[in-house]
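Participant: All chains should be built: construct the whole structure from the sequences, respecting the hints.
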Amino acid sequence: MNVFIVGGTGTLGRQIVRRALDEGHHVYCFVRSPAKATFLREWGATILQGNLCAADSILEALKYAKPSVVIDASATRPTDTLTIAAVDWQGKVNLIQAAQAADIEHLIFFSIMRAQDYPQVPLMQIKHCTEDFLRESGLNYTILRPCGFFQGLIGQYAIPILENQSIWVLGESTAIAYMDTQDVAKFAVRAIDRPATYGKTFDLAGTRAWTADEIIKLCEHLSGQQAKITRLPIGVLRAARQATQWFQWTWNISDRLAFTEVIASGQVFDAPMEDVYRTFDLDPKETLTLEDYLQDYFTRILRKLKELDYEKAKQKKSGRKKRSPFKSTP
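Residue numbers for the sequence shown, in numbering that gives the first Met the number 0: 0 to 329.
No lab work stands behind these hints: they were computed from the structure.
Some hints could be false.
[What the hints assert, rightly or not] Cβ-Cβ distance ranges computed for the label pairs, FRET-style:
1. 10 <-> 285: 17 to 27 Å
2. 151 <-> 225: 17 to 27 Å
3. 273 <-> 307: 23 to 33 Å
4. 288 <-> 193: 21 to 31 Å
5. 102 <-> 210: 38 to 48 Å
6. 151 <-> 35: 11 to 21 Å
7. 118 <-> 231: 40 to 50 Å
[Unchecked claim] Within a straight-line C-alpha distance of at most 25 Å, the following computed DSS-like cross-link-like pairs (lysine-lysine) qualify:
8. 65 <-> 35
9. 227 <-> 216
10. 305 <-> 216
11. 284 <-> 199
12. 305 <-> 227
13. 65 <-> 199
14. 35 <-> 62
15. 227 <-> 303
16. 216 <-> 303
Ideal Cβ positions, reconstructed from N, Cα and C, are used throughout, including at glycine.
Facilitator: Shown next as structure tokens:
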């Protein structure tokens, strides 16, 4: 089946591309920068250049690919110059309208769990509005709503502990049922040819919900190192958000600071998954746990650090200094 994927270079998108290819689908990746999508081409995907903010480029790419299914896994990145409103709202409206014009059979959209509960948070409000817009579009749709990915926890917790840097904990700790992006990708690809998912919204949750303090304790246990924790009152970030709202060039920062209201709310982001696994015909026993994910990460990193320490000790013992790679041989 021809599958058109938006956001294929992202953390989640690349896993969807990989799994769709592995299952024999013909994958077309719609990307802004083909240079950043070289690895997708090497995997076997066809790269189509375009921009969600340029509606004509979407329709042109869809007419070329002639896909049966569109999977939207795109999101604004922290380094993007475009605003959340430009990409996550207008860009998604453009995509949905292009899908209508191209008579796409099925559109799979990634939202966020409990988006409807946070109208004061721009990203959550936009996700909720996009869900409604898609429901009213007349397209066959499937909405998947994860609440967080394991991969994001590495930079947030694991690396600071290993580098003896502070971990920032905000407000009340929110319990979140994170998932591995590879497991999330299974649901997206399984939905491709599963009419039972049409017209439905599915919350996706991992094996259990974790608070920040629980994740920190787990990382300490697995790394054998103690974390340096800095607790920041949510009021400080609210003040920072108000300050950044005054300048257009800091609007993106302001919108991202607003999202801290979600992770510091003290609420629980979790959902029952029995019926979801049954609908997608997936085995919950195959879902990776956070314990296993972090165990694998720390095992690999600590082994690498041990090897580096051994090499340093070996060089010191031999009395040889490592030559700089930037110096030419005399």
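Participant: For each hint, tell me whether it holds in the structure or not.
Facilitator: Status of each hint after checking the structure:
1. Remark: the range hint 17 to 27 Å for residue 10 to residue 285 is upheld by a beta-carbon distance near 20 Å.
2. For residue 151 and residue 225, the Cβ-Cβ distance of about 22 Å falls inside the hinted range of 17 to 27 Å, so the restraint holds.
3. Checked against the given bound of 23 to 33 Å, the beta carbons of residue 273 and residue 307, roughly 45 Å apart, lie outside it.
4. For residue 288 paired with residue 193, a C-beta distance near 25 Å keeps the hint of 21 to 31 Å intact.
5. Distance hint for residue 102 and residue 210: a CB-CB separation of about 46 Å, consistent with the stated range 38 to 48 Å.
6. With their beta carbons about 20 Å apart, residue 151 and residue 35 fall inside the hinted range of 11 to 21 Å.
7. Between residue 118 and residue 231 the beta carbon distance is about 24 Å. The supplied range of 40 to 50 Å is therefore violated.
8. A hinted pair counts as satisfied when its Cα atoms are at most 25 Å apart, and residue 65 with residue 35 qualifies at roughly 24 Å.
9. For the hint linking residue 227 to residue 216, the alpha-carbon distance of about 11 Å falls within 25 Å, and the restraint holds.
10. With a C-alpha separation of about 22 Å, the suggested pair residue 305 and residue 216 falls inside the 25 Å cut-off, and the hint holds.
11. With a CA separation close to 24 Å, the supplied pair residue 284 and residue 199 stays within the 25 Å bound.
12. For the given pair, residue 305 sits about 22 Å from residue 227 by alpha-carbon distance, which is consistent with the 25 Å threshold.
13. About 24 Å separates the Cα atoms of residue 65 and residue 199, which keeps this hinted pair within 25 Å; it holds.
14. For the hint linking residue 35 to residue 62, the alpha-carbon distance of about 23 Å falls within 25 Å, and the restraint holds.
15. For a cut-off of 25 Å, the pair hint linking residue 227 to residue 303 stands: about 23 Å separates their Cα positions.
16. With a CA separation close to 22 Å, the supplied pair residue 216 and residue 303 stays within the 25 Å bound.
Checked against the numbered hints given earlier, this structure breaks hints 3, 7; the rest are met.
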